Amino acid sequence: MSNNMDNRVTELEVKLAFVEDTVNGLSSADADISQRLAALERAMRALHSDLTSLRAGIGGDPHAEPPPPHY
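Per numbering that gives the first Met the number 0, the sequence shown runs over residues 0 to 70.
Don't read these hints as lab results, they were simulated from the structure. Computed from a predicted structure; not experimentally measured. Certain hints may be false.
[Claimed, not checked] Pairwise CB distance ranges, derived in the manner of DEER restraints:
1) 43 with 10: 46 to 56 Å
2) 30 with 50: 26 to 36 Å
3) 32 with 3: 36 to 46 Å
4) 30 with 6: 56 to 66 Å
5) 3 with 39: 36 to 46 Å
6) 48 with 25: 49 to 59 Å
7) 42 with 3: 53 to 63 Å
8) 50 with 19: 40 to 50 Å
9) 37 with 57: 41 to 51 Å
10) 51 with 18: 41 to 51 Å
11) 19 with 54: 49 to 59 Å
12) 53 with 32: 45 to 55 Å
[To be verified] In silico SDA-like links for lysine to any residue, alpha-carbon gap of 25 Å or less:
13) 14 with 3
14) 14 with 27
15) 14 with 25
16) 14 with 33
17) 14 with 4
18) 14 with 1
19) 14 with 35
20) 14 with 24
All C-beta atoms in this analysis are idealised placements derived from N, C-alpha and C, irrespective of residue type, glycine included.
Construct all of the structure, not just a fragment, from the sequences and the given hints.
This is the structure we're talking about:
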């Protein structure tokens, strides 16, 4: 019976090692995704700011401009 118990313990140790490796891989992937998300959020804020500036520079409200001469 000791041999059977040893086999079960060995099998559990192998499974635990696999789980630990998987957790480490997921942790690394999570950190990478978090960094990419933060970079995308910064880029989106910059684009939003640029778009707001462009709208303000163009005049924003098309009705504020005088009508063209052919009216």
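Outcome of the hint check:
For the pair residue 43 and residue 10, the supplied restraint of 46 to 56 Å holds, since their beta-carbon distance comes to about 48 Å. Hint check: residue 30 to residue 50, Cβ distance near 31 Å, so the stated range 26 to 36 Å holds. For residue 32 and residue 3, the Cβ-Cβ distance of about 43 Å falls inside the hinted range of 36 to 46 Å, so the restraint holds. With their beta carbons about 37 Å apart, residue 30 and residue 6 fall outside the hinted range of 56 to 66 Å.
Between residue 3 and residue 39 the C-beta distance comes to about 53 Å, which lies outside the given range of 36 to 46 Å. Checked against the given bound of 49 to 59 Å, the beta carbons of residue 48 and residue 25, roughly 34 Å apart, lie outside it. Take residue 42 and residue 3: their Cβ atoms lie about 58 Å apart, and the range 53 to 63 Å holds. Evaluation of the 40 to 50 Å hint for residue 50 and residue 19 yields a pass: the beta carbon distance comes to about 46 Å.
A hinted range of 41 to 51 Å for the beta carbons of residue 37 and residue 57 is inconsistent with their spacing of about 31 Å. Restraint check, residue 51 to residue 18: a C-beta distance of roughly 48 Å satisfies the suggested window 41 to 51 Å. Taking the beta carbon of each, residue 19 and residue 54 are about 52 Å apart, inside 49 to 59 Å as hinted. Checked against the hint of 45 to 55 Å, the C-beta distance between residue 53 and residue 32 comes to roughly 31 Å, which is inconsistent with it.
Taking the CA atoms of residue 14 and residue 3, the gap is about 17 Å. The hint holds against a cut of 25 Å. At most 25 Å may separate the alpha-carbon atoms for a hinted pair to count; residue 14 and residue 27 meet this at roughly 20 Å. Simply put, residue 14 and residue 25 have alpha-carbon atoms about 16 Å apart, close enough for the 25 Å limit, and the pair holds. Of the supplied pair hints, the one linking residue 14 and residue 33 is violated, its CA atoms being roughly 28 Å apart against a limit of 25 Å.
Between the alpha carbons of residue 14 and residue 4 the distance comes to roughly 15 Å, so the proposed pair stays at or under 25 Å and holds. Taken as a hint, the residue 14 and residue 1 pair is honoured in the structure, with Cα atoms around 20 Å apart against an allowance of 25 Å. For a cut-off of 25 Å, the pair hint linking residue 14 to residue 35 is broken: about 31 Å separates their Cα positions. Simply put, residue 14 and residue 24 have alpha-carbon atoms about 15 Å apart, close enough for the 25 Å limit, and the pair holds.
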